[in-house]
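Could you build all of it, start to finish, from the sequences and the hints given here?
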Amino acid sequence: MTNLTPDQIATLLSHHPPVDLTGLDLSEANLAHADLNRAYLTSANLRGADLREANLRGADLSLANLDGAKLQHAHLNVATLTSATLRGADLRLADLSDALLIGADLSGANLEEALLIEANLRDANLTGANLRAAHMRKANLHDVTMPDGTRRH
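Here the sequence shown stands for residues 36 to 188, numbered as in the working numbering.
Note that these hints are calculated values from the structure, not bench results. It is possible that some hints are incorrect.
Label pairs and their in silico Cβ distance ranges [as the list claims (entries may be wrong)]:
no.	residue 1	residue 2	range
1	Pro52	Glu148	26 to 32 Å
2	Met181	Leu47	35 to 41 Å
3	Gly184	Glu153	23 to 29 Å
Restricting the straight-line Cα-Cα distance to at most 25 Å, the calculated cross-link-like pairs of lysine to any residue (SDA-like) are [unchecked claim]:
no.	residue 1	residue 2
4	Lys173	Gly163
5	Lys173	His188
6	Lys173	Arg186
7	Lys173	His108
8	Lys173	Asn90
9	Lys173	Leu128
10	Lys173	Gly184
11	Lys173	Asp133
12	Lys173	Asp183
13	Lys173	Asn145
14	Lys173	Arg157
15	Lys173	Thr115
16	Lys173	Glu148
17	Lys173	Ile137
18	Lys173	Arg122
19	Lys173	Gly143
Here a beta-carbon is modelled for each residue, glycine too, at the ideal position from N, C-alpha and C.
So this is what it looks like as structure tokens:
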């Protein structure tokens with residue numbers, strides 16, 4: 036669990052974008068509706084965090100741990116999630132258009148009705164992920180492990 040108090044988190048988020056939260060432990064933090072536009076969250080621990088409807092447009096979440104995070108309706112378009120882990124994350128109706136998900140682990144994630152238009156999922160792991168009604172037009176699926184475990188080349 037995060038070692039920051041809600042007041043400390045609020046203070047960090049009060050700075051003008053982009054906010055630098057690189058490497059912080061924000062596990063299970065309530066960041067619903069937070070404005071993290073272009074935030075630096077590289078290697079941050081967001082395991083189980085509530086990021087519902089958060090604005091993460093253009094944020095750098097490379098190597099971040101988002102396992103079990105609640106990201107319903109989150110705005111992650113143009114975000115960088117290279118080598119991030121999102122195992123079991125709830126991304127229903129999230130906007131990941133033009134996002135970089137290269138090498139990301141989305142195994143068991145719920146991406147139902149998510150927007151992945153022109154997203155780059157090269158080398159991503161989607162094993163067991165729910166892609167029902169996901170919008171993946173022009174997404175890069177090169178070398179992706181699909182929900183059924185097959186590898187797409």
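Review point. Any hints this thing doesn't respect? Which numbers, in order?
Key: none
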